[in-house]
Structures are given as structure tokens and as C-alpha cells.
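There are 2 protein chains.
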Amino acid sequence: MQSTLLSRRDIEFMLYEWLDAEALNRRPRFQDHNRETFDAAIDTAEQIATDLFAPHNKKSDQQEPHAVPDGNCLRVQIVPEVKTALDAFCAAGLMAAGQDFERDGMQLPTVVEKVLSAYFTSANVSTAAYIFLTVSSANTLLKCGTPEQVRRFVEPMFAGKFFGTMCLSEPQAGSSLSDISTRAEPDPAAGVDGERQYRLRGNKMWISAGEHELAGNIVHLVLAKIPGPDGKPIAGVKGISLFLVPKFLVNADGSLGERNDVVLAGLNHKMGNRGTSNCLLNFGEGKFQPEGKGGAIGYLVGTAHQGLANMFHMMNEARIAVGLGAAVLGYTGYLHALDYARNRPQGRHPAQKDPAQPQLPIIEHTDVRRMLLAQKAYVEGGLGLVLYSARLVDEQRSAETPEAREHAGRLLDFLTPITKSWPSQWCVEANSLAIQVHGGYGYTREYNVEQFYRDNRLNAIHEGTHGIHGLDLLGRKVSMQDGALFKAFAGELRKTVRKVRGSVGVPAHAGAGLPAELAAELASELLAHAAALESSWQRVEQVTLALYAAGDMNKTLANASAYLEAVGHVVVAWIWLQQALLAASQLPEAKAADTDFYRGKLQACRFFFRWELPKVEQQLALLESIDTTTLDMQNAWF
Amino acid sequence: MQSTLLSRRDIEFMLYEWLDAEALNRRPRFQDHNRETFDAAIDTAEQIATDLFAPHNKKSDQQEPHAVPDGNCLRVQIVPEVKTALDAFCAAGLMAAGQDFERDGMQLPTVVEKVLSAYFTSANVSTAAYIFLTVSSANTLLKCGTPEQVRRFVEPMFAGKFFGTMCLSEPQAGSSLSDISTRAEPDPAAGVDGERQYRLRGNKMWISAGEHELAGNIVHLVLAKIPGPDGKPIAGVKGISLFLVPKFLVNADGSLGERNDVVLAGLNHKMGNRGTSNCLLNFGEGKFQPEGKGGAIGYLVGTAHQGLANMFHMMNEARIAVGLGAAVLGYTGYLHALDYARNRPQGRHPAQKDPAQPQLPIIEHTDVRRMLLAQKAYVEGGLGLVLYSARLVDEQRSAETPEAREHAGRLLDFLTPITKSWPSQWCVEANSLAIQVHGGYGYTREYNVEQFYRDNRLNAIHEGTHGIHGLDLLGRKVSMQDGALFKAFAGELRKTVRKVRGSVGVPAHAGAGLPAELAAELASELLAHAAALESSWQRVEQVTLALYAAGDMNKTLANASAYLEAVGHVVVAWIWLQQALLAASQLPEAKAADTDFYRGKLQACRFFFRWELPKVEQQLALLESIDTTTLDMQNAWF
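Here the protein sequences line up with chains A and B, keeping their order. For the first sequence, the residue numbers in this note's numbering are 1 to 638. For the second sequence, the residue numbers in this note's numbering are 1 to 638.
No wet-lab data here; the hints were simulated from the structure. Be a bit skeptical, because a hint or two may be false.
As the list makes no split between identical chains, a pair holds if one copy fits it or if it spans any two.
Unchecked claim - Computed cross-link-like contacts, BS3-like style, restricted to lysine-lysine with a CA-CA straight-line distance of at most 30 Å:
1) Lys238 with Lys353
2) Lys238 with Lys495
3) Lys487 with Lys353
4) Lys487 with Lys615
Keep in mind it's a predicted model, so treat the numbers as computed, not measured.
Turn these sequences into a full structure, and let the hints guide you.
Written out as C-alpha cells, the structure is:
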């Protein structure tokens, strides 16, 4: 049976045929790599994901982590398969997949690292979350921490001995980080890095992986406020600093020291993602008194009062990771639905009136094919967007020239809110369609797809809600650097349009294996898609100008979510056109199985351009009219 | 605090101001009723729903029914609050709310009965399902059963002593009922109604309320095939007959007799609707031997081989009930989100840069208002559609002339697939937005909205999937009776358009309480909506003709789901325009609180016409082009 995690053929298409990951091997950082080393890493990931992550996905959903009393505090119990899987992951050295060789890492490009993540997340998003949080917080510390912090904390994290968290939200401050009230006061006692030692007091909310016994220690990255000279907290984001707060203190020789005063106050019980412990944590409430004084011991990371900036260093990558999670949950749901549709007999064609004829596999029903094709268009479009963004991270870090690195950075900044949000919206829709293909079975927990639907619904909420990313795109990214990000993307989109116009119809398209009629049909179709894409983008440009001409930021931003959705659809149409152009160019020389694969790409692209892209005109027209329906609505009228 | 089940003000608006339920009191069947008796029934329903149904909604989700061994079979344990709630419901006589006075019923119109259901279902869809199934199956038996069947089985059902089920699906035959294989053979022994006694053998799947101990007996309505003269089952739907199969036989004096051979084989575990036992049932496997011979005893209902037709007598009503469930789950989610948004402080306006200022309730954020307004537009539009359809049931049964009854029947038949499907799609979307308004809290089971989202997802699957209703609408209803149903609806829609044109701008609209400027603005807005609705409907007509001109039913029906969705949006726009016209006409004389209410209706209508109705053009254009993207997709290309 084919894998129901991801299509390896599609991964190869995206990584090697489209995004040319092998080109990275010409750069110094990746010169020891080649397609074989990439594939070996992917093989390992696929194997561990299949053998150890996927099998307990349902079990850890049904037997979620629970808190039990433990002395004067609470500990969290988790089904043992989670630790077994994570141990195997760490033993394979995968926590350091993207790190330097000299840190015992694999020094893989980000785009390959994301493919590895894709396997673990599609197999078991809850278990994979422990990895993602560790890598993200370790990368932040690597960027902003002192050498001593790196030595004592980050190295054990990449070795899989310590796990990490990000502690941002508080009960009274969810999306509004400026309103956090956790305080950090300088501790005159010497600690790691002397004057960097602080004492923290406060409560944090929604802390994924905040408490567990899966690793020897937990390294919390905590946002807190240092009081100003008058002893009062500084209001707003300026007051926020970043701290490293370990569950256990770490001695200079790396051995674990005293228990720090970070304790579990309770667990949240979520609709999905149930296998990841999601915690309320109390800092410095006095359950423990490390080194004899009240407050949890924390070490300042980076410059004081630059906490948000330090935390946001890793935000692009964290947001790509959320988009990736959404895309691959959609992807595995699609493969499950496809497998079901090929094997479930039910009903007959409308024209077949003879009930004595055997029933057909439901994939033969056009509406089931519609639901499968929509899923394919959403999940391969979404995964394509995510891997394209990951590839930009590699460009930003390793491209030959400063100009190329800057260009990649602009594209990445522009695309990030979309890369995070588009899969979080449309790949949940794919999961809903996967349920629908299964009929009543899909609605039961005896099958897998309902869990994907529940798991995936988180992605439009965490790492910035949909609404927040709408504001980020329209209110910041579009106008940043005098529109340089926006223009950088526009240039790429038009480059693709020109590429289509320059390449279709040339003789290569009617190669030995492709009948002239089909070649002509595909060429005219690609040209039509290119025209549609160009025209949609022109509309985006017009509408963006109209929004900024509104003269009132409340009006400009009122419908930012619709803007995010419309631009998202245009971006994914562009991703599809790139994939389709490539598929068309490969088709003439393709072998039989590949022919089917490329035809599928072309048909999914056609679906996207026929069924999806036209949706944006209604949103763009609404935006262009500076519609104030929601702005004018009054609280009392509800 | 306001009820979070439904808005009573809105119910009154729909029932009395819009649908004129009081007009029914002029008809003989309802002449003993008046607004006071309707309100008293609604008061009772709201009270019992609030006090006894809502409080255990979460508990029966978390502690779902489970099967325990009981002698040679299984019994189902259910949290005791379910029986307490249902007992109170039955004691209030509500199972017979729509039945004749002479059957100890309340003889209420269907539209009022649906309002009562709305309260129970919004409070607890799982517990309410036991009611809905009993009423539906009892109504079917009342229509098709013999007097003796009615006396022994139906009367105890309406008295709340027996509950009912509908047993259609089988493991190998979900939507494809012609493929069921349960067999019924005539039983020479005398039983209830002598020659009507049969012996049944087979397995049924997805039987909601199929086993429990909430009532003294369970009356199963079962589709099964009687062998033809050659002893073989007759293939296809022709072979299907309808049987009444009780869990316990019933003696002539009404006392319970032997246990019948219907046993629980297992329970399904669903994503939502967990409080309703959902069963695999085995008929005649030999666990019991009632009256000494193998097979479960069943009594033929109505004419042999007319099983589907008999079952479908009640299908319109069952489908309205599904639409109602979807709408009110959306509705209660909306009210929960509204309450949360008014009370949760978070963040500040974009222009407010001072972090020392207090945080605002999130309802002040435009994007939150968008999400609330969208929910309002979906759930009040959806509930309006459902109650309009229920009002048609009353017209069909009690209108003065045969022409009026026939007209109502045509409208009802046309609207039924939409009334079932539109809320099942858009009110799940409302539930998703209710989660989003709650942010991370909404994703936890500590809050209520995630359960509504899970519960509501069933509605696009049962009582005919979305795809099935697309085929029903485009393949049957549109062309039925030479298009008479379609034309009947078109006439009603145009009547509303004319009504808008005839009434806005007349002096009443600028009454004492309404400034002339606002009156003029509302008038021009309503005229614009009327024009948009008329033009959308013209497009539906053009596209329908184009689809039927395709000359190949496979092409005509390929995109039937898109047709269902597009026509659904036009229909709901029409529902909204009716509500808005009424609100505008009431506004001049309205008291203060009512002014807010009517302004809310007008703004939600505006939202629907600005944000939603324009979506259909893309679908209609696709349909008109006879798009074959899904039809052309090949199995091997996936």
C-alpha cells in the first residue's frame, strides 16, 4: 500500500524538479550534501514517522496527557509511545538536522529540514510538536543567547536531552503581548552569566509542552517585564524582555541542579492536538526556592527591553512551521480519502439503472472526484507554498550576493502571513472534504480523518490568528520599505507569467511522447492561466492602491482578512502555475507512471484556476469599494 | 444574562412579524390556538431546554453511551441526566406537540413545533435526537400504518413511553439504499394484523438511538427486501418494503411481551453528537427466539415493495429537521461568541498607541465584528429558511384551497434540499468563526463552542449527503413537473422583489422615529438588494437552461454540488431581503430596543448582499461553462 502520510513522488517533484534543492549543494554551507544525502535523511524521517509516530496518533488523542499530584506540585503523564518515538527521533540526530556539522548537526538546508518535519507532523502532529518547540526555542537562543547559555542549554537541546517551550501568552494577554504582566527583577546573586540572572513571577497560558518527562530538562523562553527605574513595569512592548527559565537549574559542568520555581498550574483540554500537553505555568509562586530566594530563576537573553524583537527573530520560521503543519494534515487526510474512495464500492453511475450490476468504487462518482481534486489542489498548493518559503529561508541565508539574500528576505517577509494562514484555512477545508468522502465512517473515531480535522483547526489560531495576519499583510508588509516587499513579489509573479509565455508552444512541448493535439491543448491552457494570474494580480495592485487611498487606516484595514484571503488565493494560483508549467515541460519525455503524475498536476492546476482563483474577484471588488459594513456595525445591534 | 440558546426576540420576529403564524389560527385545525398558547408552549420548551437539556450537554459529550454485557447480549449505559431531561419533555406532553387533540396532542402548527425543537436541539442536540427520531418514525407509522399498528405502537410513542428509530443504512449500502440486503420473509404465524407478520434477518448500520433504556420499548422502522416468487431478493429499490420491528413484542392489551431478536452488535464512536447512541444492529441472528421461530418479528407497514416511498413520506420533514439542527447549533455558537466578545478585554484600536490605556472588549475590533456579523447572517438566514419551510408544511396541510396547498408543496419540495444543506454548510462555518472569536479558549473543551463545531459537522452527511442533495435539486427538483417547482419558487422570489419596489420610498418609511436621511439610505439600499437578487436569479435561470442544454446528463450533473451552493445562497439572500424589508418597515414606529434589533437585521442583510451573494457569480459562471474538470479527472492521475 502507498504511504498515507505524504506522496514521496510529490515531495521529489517539489524538492528536486521544481525548487532545485540540489542547486544548494554548490554553496559552501551545503557542499558536502547531494541528492543522496538528502534522500537518506528523508528515508530516515519517513521510516521513523511511519513506524513510531503514526501508530500512536490515535492513542495519544484518546488518552491525552493528564496531571497527577507529585509532592507539592503536579506532574504530567503521557502515553509511553510518545517518548519512544521522540527517543528514536533524537537518537537519529534529527533534532540538529539544520545545525552545523561542528555542533553535531546535519547541516541540511531548511527546505529539506521542512520535508523531514512534514513526515513527522503528518504522522502525528501532537508528538511532533515537542520537536518543533525545542528546535524553535533552541534556534532563538542560538541567535540571541550568550556563549555560556548556548553551552549549558542549547547544546543539550540539539542533542535531544533538553526540550524547549515558548512562553508568551498570559490569561489577560493573548494576542496583545504588550499587556503581559509577568515581572523579572535583577537577582544580585551570581548565576549563569552573573548579572544576567533575574527572578521571575507571573503566570503563563497555552504553553505547549510546558510540562512533561520526555526529556531531562525543559528550557522555557519567557517574555517578562523588567521594572523601570521607578520600580513600575514599563507599559507596552518596550517593557518586554526575553528570559531563559529552565525547569531544573544547570550546573557549570552540565549536570542538573536544583528544581526551579516553574510549576504546572493545570492543563488545557483541547479539541485536537490532544497529545501535546498544553499548560498553565506559574513562575515564582514559591513551591520551590532555588538558591534560597523567591522567584523563578531566569537568565536574560539578548538585550533588555528587546524581548519581542528577539522572540520574533524566529517568527518567520515558526509561522512557516504552522503553515507546514496545516498543509500536511490536509495532505494525509487527502491520501486517506483517496485510499478510501478507491476501495469503497457504493452506488452506480447516473446512467446505470440496473441494480443487478455491481456497485462502483466511489472514486467513479464525479462529486467524489471533485472533493478529491479540491483536496489535491489545496494540499499540494499549500505544501508547495510552504516549501517555496522554506527555500527562501535558504536563499536568504546562503545566496551568493547580498542583493539575492535581501531579495529572498523581502519575498519571505511578504509571503509569511500567507504561508501561515492559507494552509490553515484551506487545508482544514481539505480535511472536511476528506470526512465527506468517507461519509458516516469519516465522522467516526474508528477512522482517522475526523482527528485531522480537529487537529488542523488549531492552525488558524496559534502563532497569530487569521485576523492578526491580515493586519500584518495589509497594514505592514504591503507598505514596508516603500512597498519593496510587495514589488519584489510582483516581480516574481510576472517572471512566471513571462516564463509561461516564453516556453509554451515551443517544440519541446510536443515531444516524442506527447500527441500534438494534447500539447496544443496544454499550451493554450497554460497561456490562459498565465493571463488569468496576471489579471488577478493587476487587480490586487489596483485594490491595494485604493485601500491605501482611503485616507483612514480604520477603513484601509477594516477588511484586512478578506485581503489576506484574496492575495493568498492569487499566490497559490502562482504556485500552481509554476508546478503546472514544470509538469507540462516534463510530460513529453515522461515514463508511464510519471505521465499520470504530471497529468494530475495539470488537472489540479486547472481545478485551481477554474474553481478557486475566480473567487478572488468578489473579495477584491468588496475591498475596492472600501466597504464599511463591519466597521459600521454597532455592538447594540447584535 | 441573555439566553445563549436562541434569541427569543428573533424567534418572535420570525414567527409573528414575518411568517405570521397567527394567521394559522383562522384555520379550523388551529382555531383553538392563539399567540398566547403558542408562547406558552415556547416558554415551556425554553424552560425545560435551559434547565434540563443544556446543563448535561458537555457531560454526555464527555461520557458517551457505552455498551456493557447483559446476559447474552449488550446493553447501553447513558448518563442519567439524559433520561431525566427526556422524562420531563415527555411529561410536558411535548412528544405529541404536533398531534391531534384527540390523540392527547397539542395540535400545534409545524412552524411552532419547529421552534420548540429549536430550543431542545440548541441546548443539547444529542439528547434531542431521541425525540426527533421518535416523532419522525411515529409520524411515518401514523401515515402508513394500520389502525392496530397505530394503537399498539404509535400511541405509546406520542405518549413518550416508546421511542423510535429509522433503520435504513447497511454496512455495504450507505447512500445506495437499493443495495440493502436485509431480508423479510412472511411468517405464517398470526401476529399483530395477521398476514402482515414477517421474519427479518440482516444487519443495520448508523442507527441513532438504536439501543438504550430511556423508554420502555424501541420501535424500529426497518427497510428490508421481501423475496420475489423465485425466492430471490428483488434487485433495486422496487424490492424494498418497510417494517415495524419492536425491541419487545407488544400484547393486544398494550403490555410488553417477549424480547424480539434485535440486538446491539456495537456502537460507533463519533466526532460529535456523542450523547446519542449510534448502533450496529443485528436482526434475527438468533440471540432471542420470539414465538419460537428464527428471525426478528416485523410487521409490514403500508404496501409491500413501497418501502422507500413510505419512508420518504416523512423525508421533507426529516430534512427540515436536519437543517434546523444545523441552524440552531450555529445560532447557539453565535450567541456564545457574542457574549464572549462583549466581555473579553484584549488589545486596543489600531490608532490607539498608548499601552497604559485599558484594553477594549474584543467586539470593538472590526475583524471580530466581521466574524460576529457573518455568524449572524448565516444563522439567522439559516433559521429563517428552515422556519419558512416549516411554515410551508403548514400551508401544504391547512391552506384553504387545493391550489394553495399544491403551491406550498411545490415550494417545499424545491426548497427542501437547500433547507437541509445550506445550514449544514454555512452554520458549521459559523461554528468555526465562533471558535475563532474565542481564540485559544474556543479550541478547548473548557468552553462550549468546539463541541458545537464537532456536533454540527454531522449535518452535511446524514439524511442525504451534500452531494446527494445537489443531484436531488438539479437532477430532480428543477425539472420535476415540467419545471413547475422551479417556476413556483421563481414567482415567490419575484414577488418579494416587487414588494420591495412597491413599498420602499413610500411615506411610512420616514415615520416619526426615522430621520429622513436614514429612511432614504435604507430605501436605496433595499432597492439595490432587490436588483441584485433579481439579477442573481436571472443568472440561475440562464445557467439552469444551459446545464439542461448540455445534452449529456453526466455533464449536466457533474457540478451539481456547486449548483446547490449557488442556488442556496440566492435563496438565503431572498430570505434576508424579506427580513430586511420587514425590519425597515417596522423601524419608524419602533421603540428603542427594537430599533437596535431592526438595525441589526438590516446590517446583517447588508452583509449578506455585500459579502455573500456576490460569491455565486463565480459558481454560476463555472456551471454555465459546463466545466468538465472533475469529470475529466482520471483515477490514475491522483
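These are the hints, each one checked on the structure:
no.	hint	result
1	Lys238 with Lys353	between (72 Å within a copy, 12 Å between copies)
2	Lys238 with Lys495	neither (41 Å within a copy, 61 Å between copies)
3	Lys487 with Lys353	between (58 Å within a copy, 29 Å between copies)
4	Lys487 with Lys615	both (23 Å within a copy, 29 Å between copies)
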